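Make a model of the complete structure from these sequences and hints.
Each chain, written out:
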Amino acid sequence: MEIGALFLVLTYASAYSPMEKENNLPSILLDELTSRMRKESEASYLDIGSPNFLEARSLEQEQYDPLDYELGDALYHPSIRDQEYLKHSSLFGSMYAKDDSAEVNQHSDSLNQTPLSNEVKTKNNLPAYCNPPNPCPVGYEDQEGCLEIFSNTATFSRRYQEEQDCMCDSEHMFDCPDNAAPILDNSIHSLRDYQIDRYLQKQIEANFPNPFLSGERLPIAAKKGNLVL
Amino acid sequence: MLFDQSTKEKSSVFQTNLIHTAIQQPGFLRVKRGYKPLKVENLVKHIKPHNDPTDPYFPLQWYLKNTGQNGGKAKLDLNVEAAWAQGFTGKNITTAIMDDGVDYMHPDLKFNYNAKASYDFSSNDPFPYPRYTDDWFNSHGTRCAGEVAAARDNGICGVGVAYDSKIAGIRMLDQPYMTDLIEANSMGHEPNLIDIYSASWGPTDDGKTVDGPRNATMRAIVKGVNEGRNGLGNIYVWASGDGGADDDCNCDGYAASMWTISINSAINDGQNAHYDESCSSTLASTFSNGAKDPNTGVATTDLYGKCTTTHSGTSAAAPEAAGVFALALEANNELTWRDMQHLTVLTSKRNSLFDAKRRFHWTMNGVGLEFNHLFGFGVLDAGAIVALAKIWKSVPPRYHCDAGSVEGAYRIPSRKSIILKITTDACKDLSTEVKYLEHVQAVATINATRRGDLELFLTSPMGTRSMILSKRVNDDDSKDGFTKWPFMTTHTWGEYPQGTWTLEARFSSELPQVGFIKEWSLMLHGTKEPPYTELSVLDPHSKLAIVKKAHENQLKL
Numbered sequence: 001m002e003i004g005a006l007f008l009v010l011t012y013a014s015a016y017s018p019m020e021k022e023n024n025l026p027s028i029l030l031d032e033l034t035s036r037m038r039k040e041s042e043a044s045y046l047d048i049g050s051p052n053f054l055e056a057r058s059l060e061q062e063q064y065d066p067l068d069y070e071l072g073d074a075l076y077h078p079s080i081r082d083q084e085y086l087k088h089s090s091l092f093g094s095m096y097a098k099d100d101s102a103e104v105n106q107h108s109d110s111l112n113q114t115p116l117s118n119e120v121k122t123k124n125n126l127p128a129y130c131n132p133p134n135p136c137p138v139g140y141e142d143q144e145g146c147l148e149i150f151s152n153t154a155t156f157s158r159r160y161q162e163e164q165d166c167m168c169d170s171e172h173m174f175d176c177p178d179n180a181a182p183i184l185d186n187s188i189h190s191l192r193d194y195q196i197d198r199y200l201q202k203q204i205e206a207n208f209p210n211p212f213l214s215g216e217r218l219p220i221a222a223k224k225g226n227l228v229l
Numbered sequence: 001m002l003f004d005q006s007t008k009e010k011s012s013v014f015q016t017n018l019i020h021t022a023i024q025q026p027g028f029l030r031v032k033r034g035y036k037p038l039k040v041e042n043l044v045k046h047i048k049p050h051n052d053p054t055d056p057y058f059p060l061q062w063y064l065k066n067t068g069q070n071g072g073k074a075k076l077d078l079n080v081e082a083a084w085a086q087g088f089t090g091k092n093i094t095t096a097i098m099d100d101g102v103d104y105m106h107p108d109l110k111f112n113y114n115a116k117a118s119y120d121f122s123s124n125d126p127f128p129y130p131r132y133t134d135d136w137f138n139s140h141g142t143r144c145a146g147e148v149a150a151a152r153d154n155g156i157c158g159v160g161v162a163y164d165s166k167i168a169g170i171r172m173l174d175q176p177y178m179t180d181l182i183e184a185n186s187m188g189h190e191p192n193l194i195d196i197y198s199a200s201w202g203p204t205d206d207g208k209t210v211d212g213p214r215n216a217t218m219r220a221i222v223k224g225v226n227e228g229r230n231g232l233g234n235i236y237v238w239a240s241g242d243g244g245a246d247d248d249c250n251c252d253g254y255a256a257s258m259w260t261i262s263i264n265s266a267i268n269d270g271q272n273a274h275y276d277e278s279c280s281s282t283l284a285s286t287f288s289n290g291a292k293d294p295n296t297g298v299a300t301t302d303l304y305g306k307c308t309t310t311h312s313g314t315s316a317a318a319p320e321a322a323g324v325f326a327l328a329l330e331a332n333n334e335l336t337w338r339d340m341q342h343l344t345v346l347t348s349k350r351n352s353l354f355d356a357k358r359r360f361h362w363t364m365n366g367v368g369l370e371f372n373h374l375f376g377f378g379v380l381d382a383g384a385i386v387a388l389a390k391i392w393k394s395v396p397p398r399y400h401c402d403a404g405s406v407e408g409a410y411r412i413p414s415r416k417s418i419i420l421k422i423t424t425d426a427c428k429d430l431s432t433e434v435k436y437l438e439h440v441q442a443v444a445t446i447n448a449t450r451r452g453d454l455e456l457f458l459t460s461p462m463g464t465r466s467m468i469l470s471k472r473v474n475d476d477d478s479k480d481g482f483t484k485w486p487f488m489t490t491h492t493w494g495e496y497p498q499g500t501w502t503l504e505a506r507f508s509s510e511l512p513q514v515g516f517i518k519e520w521s522l523m524l525h526g527t528k529e530p531p532y533t534e535l536s537v538l539d540p541h542s543k544l545a546i547v548k549k550a551h552e553n554q555l556k557l
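Chains as they are written, first to last, in full-length UniProt numbering: chain E, 1 to 229; chain X, 1 to 557.
Don't read these hints as lab results, they were simulated from the structure. Since we're looking at a predicted model, the values are computed, not measured. Using N, Cα and C, we set each Cβ at its ideal position, and we do this for glycine too. Fair warning: there could be bad hints in the mix.
[To be verified] Below, computed lysine to any residue pairings styled on SDA-like, alpha-carbon distance capped at 20 Å:
hint: 1; chain 1: E; residue 1: K87; chain 2: X; residue 2: S521
hint: 2; chain 1: X; residue 1: K116; chain 2: E; residue 2: L147
hint: 3; chain 1: X; residue 1: K306; chain 2: E; residue 2: L86
hint: 4; chain 1: X; residue 1: K528; chain 2: X; residue 2: R358
hint: 5; chain 1: X; residue 1: K484; chain 2: X; residue 2: D402
hint: 6; chain 1: X; residue 1: K73; chain 2: X; residue 2: D293
hint: 7; chain 1: X; residue 1: K306; chain 2: E; residue 2: F150
hint: 8; chain 1: X; residue 1: K306; chain 2: E; residue 2: T153
hint: 9; chain 1: X; residue 1: K110; chain 2: E; residue 2: K87
hint: 10; chain 1: X; residue 1: K116; chain 2: X; residue 2: P126
hint: 11; chain 1: X; residue 1: K393; chain 2: X; residue 2: E334
hint: 12; chain 1: X; residue 1: K306; chain 2: E; residue 2: T155
hint: 13; chain 1: X; residue 1: K518; chain 2: X; residue 2: K393
hint: 14; chain 1: X; residue 1: K484; chain 2: E; residue 2: L86
hint: 15; chain 1: E; residue 1: K87; chain 2: X; residue 2: P397
hint: 16; chain 1: X; residue 1: K479; chain 2: X; residue 2: T424
hint: 17; chain 1: X; residue 1: K116; chain 2: E; residue 2: D142
hint: 18; chain 1: X; residue 1: K484; chain 2: E; residue 2: Y85
hint: 19; chain 1: X; residue 1: K73; chain 2: X; residue 2: R358
hint: 20; chain 1: X; residue 1: K116; chain 2: E; residue 2: E148
[As the list claims (entries may be wrong)] Ranges of calculated distance between the beta carbons of each label pair, as one might list FRET restraints:
hint: 21; chain 1: X; residue 1: G68; chain 2: E; residue 2: T153; range: 35 to 41 Å
hint: 22; chain 1: X; residue 1: K549; chain 2: E; residue 2: T153; range: 57 to 63 Å
hint: 23; chain 1: X; residue 1: I418; chain 2: E; residue 2: A154; range: 21 to 27 Å
Following this line, the structure appears as structure tokens:
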């Protein structure tokens, strides 16, 4: 038993003080560690089965074993040093309280790329503008879902977006077509390229509806620097 | 006792028996701080000879090399050439531009584009190419990207601050409404591939909004600093805002966060820009437009393969800072998110930055660090930050001390100030003791008949006074007030927190107003050990030397 305890102390020391200077390590630190360790084992810290406690965790890991940064859980952490807590931005508390239940349900898995269950996807989806083209970056091919046939011009993007049936951005388009009137712009036909059409259809099928466009509408995202010339 | 060099006087001194010993004091040079031009030659021994980039827009990039073009002040720039000369150009560092997309097909950007780390949250696909609008509104992200990583010597546009670094595009601003999910996923996107996140957005700068990150976003930021970059913490760079003198960036919960480095801007002659907001959470400044000469905007890449000379606002300032941090990370890739803030504090320069309206002066805090309410600790100096990053030793562990609180209903009178005090031992003898400060938060719940007329000041035990809330003429709120709002100050960086802190609240108003402070609690964040003991001082006039000396002297007491 005593050997076991000593072993724990040592692993604790090496795990927690990677940056501690060597000459500080002796008796004082050891005493401190033993007493802290005693406290923490009472708090069942040792029951937590994650071997890589101090290492960076991937988002995948977070999915299965979410780490809680609220101060109340500090006890379960090996040490409070070098760890930041949500509580220190008390905005969290007040905003959290205000949120409706749908939002609360989402937040635990909100950090994954495709986190939302189907029922959330279908309800509550906010409006979106047209999708811009997705040209292939250097080193990418069309198999990766991007456009190889592409010209980096305003005209190309405009025509590409005109192919889509989507909400017109009246703030930044000089004239938005009347919803009832059919589109009579000839430029569309000049771009009627079979490949692009097919690509567009595929893209929209794959990415719609956009799961990120759900939840409360925030009064945010003023793009800074537009009115300061 | 001071003598001149004459031995005659020295010998005469000994004629009286009262004097025991006399020491000849040699004369030495005292240099005025802050105005000393950085000599890279003093910091690094073998500098390769360097030429200016040949890119056609480089002569217009006064923020990189200010030769006094267009009425600017020569040498008032980011001092990037000094960093480049040391061999640092941002290699293997990725900065994510969280914005309206990036023209990653731009010939000046395409080879510096990190496609793997990019994403388009506005249309849910991996390719953040900007959406066309008739007014070319969505050029913002492309412009920011060019400031960081436009390629060098390729005959196109100008050159980025870290021209060998990579940029990732995160398209997240371009939909009719913002959601918490978009923000959270953007700020938590690929935290081990992305080193630095640059943001030029936030709550509306209308001078009456008090808002900040919602819960998923807040979680993403905390996770980013705790776990990103394989545990070293992501660097979040924030534009402090374009609301002008009528707004206060402490009311923007993103800029005011401890976990973001909030950047303000100065124009080409050292004045603050007319659109600059100010707040005590600003850490440092870079450059942007605003001089009378219209050719003093920020020259960078533009949408559809073009170039521009008129990028503007504090949103142009934040990416410059991101570029400088990319240089520092190349110099030392072991820097934590806190190391970066310490480096920023220690190497930013007062230079010749000044408040055009003479409201805010440069002040020295309790350990000799000069700060200004508008500019934080001054303008970033790429040469200096890189030189110090190279020899940097990671700062000791950080602790969070709940230093106490005042609760009740304290009336703020119409014409006078109310002063509340918290006396603290800064968690002495507890596991959370803080002896050397980093950030300080005054978390307050206050209401007022007119919120915008309220002014708040926090004074440290060492006498440093931070204006943690300034008057906002347009804010006519009388209902919400502030609820547990964390007002943050960086001005007390390096100070010792033990003693009495005061919060002063008052109205700046023509009409009679009334308000109540319901709660004020003080959170101290910093280290138990002196932060710079392991660092060697290469330059005796540097800020590092001054603070380190102050800390050593205090330990002797």
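We went through each hint and held it up to the structure:
no. : hint                        : result
1   : E:K87 - X:S521              : holds (13 Å)
2   : X:K116 - E:L147             : holds (16 Å)
3   : X:K306 - E:L86              : violated (42 Å)
4   : X:K528 - X:R358             : violated (37 Å)
5   : X:K484 - X:D402             : holds (14 Å)
6   : X:K73 - X:D293              : holds (13 Å)
7   : X:K306 - E:F150             : holds (16 Å)
8   : X:K306 - E:T153             : holds (10 Å)
9   : X:K110 - E:K87              : violated (41 Å)
10  : X:K116 - X:P126             : holds (8 Å)
11  : X:K393 - X:E334             : holds (9 Å)
12  : X:K306 - E:T155             : holds (14 Å)
13  : X:K518 - X:K393             : violated (42 Å)
14  : X:K484 - E:L86              : holds (13 Å)
15  : E:K87 - X:P397              : holds (19 Å)
16  : X:K479 - X:T424             : violated (32 Å)
17  : X:K116 - E:D142             : holds (15 Å)
18  : X:K484 - E:Y85              : holds (16 Å)
19  : X:K73 - X:R358              : holds (19 Å)
20  : X:K116 - E:E148             : holds (17 Å)
21  : X:G68 - E:T153: 35 to 41 Å  : holds (37 Å)
22  : X:K549 - E:T153: 57 to 63 Å : holds (59 Å)
23  : X:I418 - E:A154: 21 to 27 Å : violated (58 Å)
Comparing the model with each earlier hint shows violations of hints 3, 4, 9, 13, 16 and 23; every other hint is respected.
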